[in-house]
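Peer 1: Sequences are here, hints too, so could you generate the full structure?
For the sequence shown, the numbering used here gives the first residue as 705, with consecutive numbering after it.
For the record, the hints were derived by calculation from the structure and aren't laboratory data. Misleading hints may appear alongside valid ones.
Capping the alpha-carbon separation at 20 Å, the derived lysine to any residue pairs in SDA-like fashion look like this [said to hold, decoys possible]: (1) Lys1130 with Met820; (2) Lys1002 with Phe899; (3) Lys1002 with Pro817; (4) Lys1002 with Arg902; (5) Lys821 with Ser1001; (6) Lys786 with Glu929.
Bear in mind that the values here come from a model prediction, so they are computed numbers and not experimental data.
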Amino acid sequence: MIDASLAELSYPPGFRGRRGANWVFLGLMYGFFYMSRYNLAAISVKMSEQFGWSNADYGKIVSAGVFVYGCSVFLNGPIADKIGGKRAILIGSIGAAIFNFLFGLCFIFLERPAVMKDGVVVQPAVLSHGMTGSTIITTFCVLWAFNHYFQSYGALSIVKINAAWFHVRERGKFAGIFGIMIQSGRTFAFFFSPFILRFLPWQYCFWIPAAILIVMFFLNRRFVENSPADAGFEFQTADETKEEMASAATLGFVLRKVFASPSMWLIAFSSMCIGMVRNSIDHWWAKYIGTVFHLDSKALSSFAPYEIASWGMPLAAIVGGLAAGNASDRIFGSRRAPVICFAFIGQAITLFALSRAIHSPWLGCLFLLMISFFIQSAHSLVGGAASMDFGGKKAVATAAGLFDGAQYLAGTLVGYGMGTLLDHYKNGGAEYEVWPLAPLPFAILGAILISRLWNVVPGRRGGH
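Peer 2: Here it is as structure tokens:
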């Protein structure tokens, strides 16, 4: 058996610099994956104004993307393990660029925007080229679903590549780095998308990220390597038992390692709880601010609490990921479950506090920052550390697919479900009083589930 606590880490000459270059380009790519995924959420107020969407209409598009993403990571995990992370992320970037471009191209179907007053459609949008209200929603759902299919290669590729570059004792630290990658993309989406709207039509919020993804395709193709061996280094990661090291990375080995492990399923169910909380916030906080404080899309980008939230939430999440990763490595001996459990408890407390302060812009902003901290603390360890720990180099993408897929399939319920809930309670913004309470039980359930793995350590027989 391998004990990750033995011996000091040593690196071949030049290894750390080459590893840094590798994850810089990967990180930028993944950041722009997020920009091309959350750009719709960032301009949801504008899109709703243009097309006269209800919350449920917007929620259908969100759910279509999240559902396909959740299914795709299950299917694409073994594919990424087979073809390698570099090839997988290049495939994903091209596909995401194409479908972001096509999503923006749908501006041709809008002949005249809807007229809305206090969130109610006074005059429906006039559509062209034979489109109706239902067919335009269907078109957007299909395009957004295809975008999310290719987006699903992103996280799988990141963990697949970095599982080979990071020792098990460094992976909490990597989880923090993983959080920086994610939150940089959220910043690009939630700050720059409204900024783009001040000068250009809404379709450019999809076309500009598509163009950046094409540039990143060529940079990653040139500068990223799948493993230290591909870059001329020898490096052991200590995430497998001797028996697993001796086993060939067959499909059967990968599937048994991931799907036959009770620990894997406990993490997957905990990840579903993260998905319920995370998607409740990510896809709806901008609409919360716009609706409750009666701001149109142009006023939103100059509203101080929104500006602080758009910058502060990613920063708070980065701090959360770094704090959680370091606590996991240094305080809990590379155990992930204790830190994830505390993060779930923090989510539950903050969601309740947010429900009580929903009509205060500054308190609402403060609690949005706090919830971002706790969500990313849990998410970065599950997606960035636990998948590498419990999957190992040979099965990491499949493990990430299980954890990420569980999270996003749970998040599917949040799209249309949350939209329907808010429409049911719609009352001049007061409906958002129920918004933070809906995912609160899942934060509590997540804490209970992950606590079952409190003493599990990766790289040992008992940890698999």
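Peer 1: Between the alpha carbons of Lys1002 and Phe899, is the straight-line distance 20 Å or under?
Peer 2: Distance of about 9 Å is within 20 Å: holds.
Peer 1: Is the hinted pair Lys1002 and Arg902 satisfied, with a Cα-Cα distance of at most 20 Å?
Peer 2: Holds: Lys1002 and Arg902 sit about 7 Å apart, inside 20 Å.
Peer 1: Checking one constraint from the list: CA of Lys1130 to CA of Met820, max 20 Å. Satisfied?
Peer 2: Distance ~15 Å between Lys1130 and Met820 Cα, so the pair holds.
Peer 1: Holds or violated: Lys786 with Glu929, Cα cutoff 20 Å?
Peer 2: Status holds; Cα separation ~15 Å.
Peer 1: Would you check the hint for Lys821 and Ser1001, treating anything up to 20 Å between C-alpha atoms as holding?
Peer 2: Holds, because 13 Å separates the two Cα atoms, which is no more than 20 Å.
Peer 1: Check the hint pairing Lys1002 with Pro817 against an upper bound of 20 Å on the C-alpha distance.
Peer 2: holds, 15 Å
In this structure, none of the earlier numbered hints is contradicted; all agree with it.
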